[in-house]
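K.L.:
Listed below, chain by chain, are the residues.
Protein chains: 2
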Amino acid sequence: MEATIYDSRPLAHHLFTELRHEAQRFQQQHGRAARLAQVIVGQADAAEVYRQQLEHACYHIGMNSLTLALPFATTEAELRQYLITLMRDPTINGVLLLLPLPEHIRQQAITDVFPVEKDVDGLGPRNAGNLLLGFPNFVPSTADALLQVIRDARIPVQGKHAVIIGRSNIGGKPIALALLGQDATVTICHSRTEDLARITRSADIVVVSVGRPHFLTAEMLKPGAIVFDAGINPVEGRIVGDVDAEHVREVASFLTPVPGGLGPIIHLTLLRHTLLGPGIPE
Amino acid sequence: MEATIYDSRPLAHHLFTELRHEAQRFQQQHGRAARLAQVIVGQADAAEVYRQQLEHACYHIGMNSLTLALPFATTEAELRQYLITLMRDPTINGVLLLLPLPEHIRQQAITDVFPVEKDVDGLGPRNAGNLLLGFPNFVPSTADALLQVIRDARIPVQGKHAVIIGRSNIGGKPIALALLGQDATVTICHSRTEDLARITRSADIVVVSVGRPHFLTAEMLKPGAIVFDAGINPVEGRIVGDVDAEHVREVASFLTPVPGGLGPIIHLTLLRHTLLGPGIPE
Chain R
16 MEATIYDSRP LAHHLFTELR HEAQRFQQQH GRAARLAQVI VGQADAAEVY
66 RQQLEHACYH IGMNSLTLAL PFATTEAELR QYLITLMRDP TINGVLLLLP
116 LPEHIRQQAI TDVFPVEKDV DGLGPRNAGN LLLGFPNFVP STADALLQVI
166 RDARIPVQGK HAVIIGRSNI GGKPIALALL GQDATVTICH SRTEDLARIT
216 RSADIVVVSV GRPHFLTAEM LKPGAIVFDA GINPVEGRIV GDVDAEHVRE
266 VASFLTPVPG GLGPIIHLTL LRHTLLGPGI PE
Chain E
16 MEATIYDSRP LAHHLFTELR HEAQRFQQQH GRAARLAQVI VGQADAAEVY
66 RQQLEHACYH IGMNSLTLAL PFATTEAELR QYLITLMRDP TINGVLLLLP
116 LPEHIRQQAI TDVFPVEKDV DGLGPRNAGN LLLGFPNFVP STADALLQVI
166 RDARIPVQGK HAVIIGRSNI GGKPIALALL GQDATVTICH SRTEDLARIT
216 RSADIVVVSV GRPHFLTAEM LKPGAIVFDA GINPVEGRIV GDVDAEHVRE
266 VASFLTPVPG GLGPIIHLTL LRHTLLGPGI PE
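For the record, the sequence lines run as chains R and E.
Mapping to the numbering used here: the first sequence position 167 is 182, numbers consecutive.
Mapping to the numbering used here: the second sequence position 232 is 247, numbers consecutive.
In case anyone wonders, no lab produced these hints; they're calculated from the structure.
Careful, some of the hints might be misleading.
Which copy? The list can't say, so a pair holds if one copy fits it or any two copies do.
Claimed, not checked - Taking lysine to aspartate or glutamate and the EDC-like style, the derived pairs with C-alpha atoms no more than 16 Å apart in a straight line are:
(1) K175 / E132
(2) K175 / D60
(3) K237 / E265
(4) K175 / E209
(5) K175 / E17
(6) K175 / D198
(7) K175 / D259
(8) K175 / E93
(9) K237 / E70
(10) K175 / D219
(11) K237 / D259
(12) K175 / D210
(13) K237 / D167
(14) K237 / D219
(15) K175 / E70
(16) K237 / D22
(17) K175 / D127
(18) K175 / E118
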């Protein structure tokens, strides 16, 4: 079996065109461009790649992007104060705090400053709670993008067994809840999971979000499985995913590649949240 | 194989003794008993059973209990206003809104009035978000009680495959996150799950919270499985669980019975939240 390799360009083009139009409308209505603020603390390769991609996309859509790059030694109190300032700035439509944070900064000490309406990646407890309780507002953009690709590619989800590898707050956990909301049976696996391959081999759908190149191999899949690669790993100047695509494509029936799969849809979704608020486009 | 039937009386006795002591201390410090407010809308058999059990436990611990029983036809706006009034009452330490609500009342329209500190069953979006993000405050009492029983019975959880049947906001979803927080691999199944028995048969641990008597049968388990019954079903004047205990006990290695298993620990946990705030007792 040779997997269908998902090409996100048509969907990305559709989203891009809509956003460009909406960005113009925003500019006309408000006399300024819609603005995203990105906050990055310390050095983080994957986060920096993501930040640049978003900046680049903002430029082409006609949005405005601002980055606050803070040193590694920034304290919780300092970061908190910077975030409050950005949140209160009426010229900023959304704030994205890039993860991971340095270990001395506890996420719970700062995310409560996120007001629901500017927390465009759904990082704060209010948006997370709404997602858990089943009435989502801003869903983290990876999970939101995944739902859009599922719809675009007409992947059947209801009743299917989806195994998610990874349990981060912006990856695995919201992805699991998003799929649960679509009536999938969901399993969350992680670094402590025993006998991971046995579990992934029982899956109809596998989503990988662990940040390790080539982590998901062909042997871990049942023939015909549907595979979503949510990895973004900078390797020798290129971006590679979490899937060993060369071999997985011979076993799976569907695969989102890296680059060119989920990535562009994730970026556009985050910018859509910033410009238009929550809600999946029709 | 004959399962160990968990007897929650020793743990319940321990919790009860601690709470009784703390309730006296509260009375001495504040010149009044700690008070739980329960709100029930319309008729709901299972909720009414639960309400009476809590009222009964309050009485024996030395806490005060108040019930607001509203008619089925109560509107969202009316319920919202009643909840705000109760939340603001300084003589009330915790407010429990009993579920399910009538269908014309949307949970999202009222739970945002719950302040974190009086939302003792973790029903509001702030507490739910904290749980999802991995820094729990008030965890819904069924999930919190389950963790205590797991610890009391020394059930190994890390890396094990736990299958949760049910995805309610006070049952399956918080239970799944609580077990994920203990490093279990978790699967959430529900009414739309295809081939449920295949999935439950792969589980080391099964938790049932569906509200259907005898739902989990012996055929759905692998030999030696650990089974938690979180069902409370009033049947002909008795309370029965979601597990077909008579046959499951011959296959499982461990089973919490109904009555006498999780139930008393859930009640005491809810009252512990009301009296002492969040946090699992040592």
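K.L.:
A separate judgement is required for each hint: does it hold in the structure or not?
P.N.:
Hints, verified against the model:
Taking the shortest Cα distances, K175 and E132 never come within 16 Å of each other, neither inside one copy (33 Å) nor across copies (38 Å). For a Cα distance limit of 16 Å, the shortest separation of K175 from D60 qualifies neither inside one copy, at 35 Å, nor across copies, at 33 Å. In this assembly of identical chains, the alpha carbons of K237 and E265 lie at most 16 Å apart only when taken from the same copy (11 Å versus 33 Å across copies). In the homo-oligomer, the alpha carbons of K175 and E209 lie at most 16 Å apart only across protomers (6 Å), although the nearest pairing inside one protomer, at 22 Å, exceeds that limit.
Taking the shortest alpha-carbon separations for K175 and E17, neither the intra-copy value of 21 Å nor the inter-copy value of 33 Å comes in at or below 16 Å. Taking identical chains as interchangeable, the C-alpha atoms of K175 and D198 lie at most 16 Å apart only when both belong to the same chain, with a minimum of 8 Å there against 24 Å between chains. In the homo-oligomer, the alpha carbons of K175 and D259 never lie at most 16 Å apart, since the shortest distance is 23 Å inside one protomer and 26 Å across protomers. With identical chains, the CA atoms of K175 and E93 are never at most 16 Å apart, being 45 Å at best within one copy and 40 Å at best between copies.
In this assembly of identical chains, the alpha carbons of K237 and E70 never lie at most 16 Å apart, being 39 Å within a copy and 52 Å across copies at closest. Taking the shortest Cα distances, K175 and D219 sit within 16 Å of each other inside one copy (6 Å), while across copies they are farther apart (21 Å). Proximity of K237 and D259 under a CA criterion of 16 Å is satisfied intra-copy only: 15 Å inside one chain copy versus 33 Å between copies. In this assembly of identical chains, the alpha carbons of K175 and D210 lie at most 16 Å apart only when taken from different copies (9 Å versus 21 Å within one copy).
Neither within a single protomer nor between protomers do K237 and D167 lie at most 16 Å apart by alpha-carbon distance, with minima of 23 Å and 38 Å respectively. Taking identical chains as interchangeable, the C-alpha atoms of K237 and D219 lie at most 16 Å apart only when both belong to the same chain, with a minimum of 8 Å there against 22 Å between chains. Within a single copy, K175 and E70 get their C-alpha atoms no closer than 37 Å, and across copies no closer than 42 Å, so neither meets the 16 Å cut-off. Taking identical chains as interchangeable, the C-alpha atoms of K237 and D22 are never at most 16 Å apart, the minima being 23 Å within one chain and 42 Å between chains.
Within a single copy, K175 and D127 get their C-alpha atoms no closer than 35 Å, and across copies no closer than 32 Å, so neither meets the 16 Å cut-off. For the identical chains of this complex, K175 and E118 are neighbours neither inside a copy (37 Å) nor across copies (28 Å), given an alpha-carbon limit of 16 Å.
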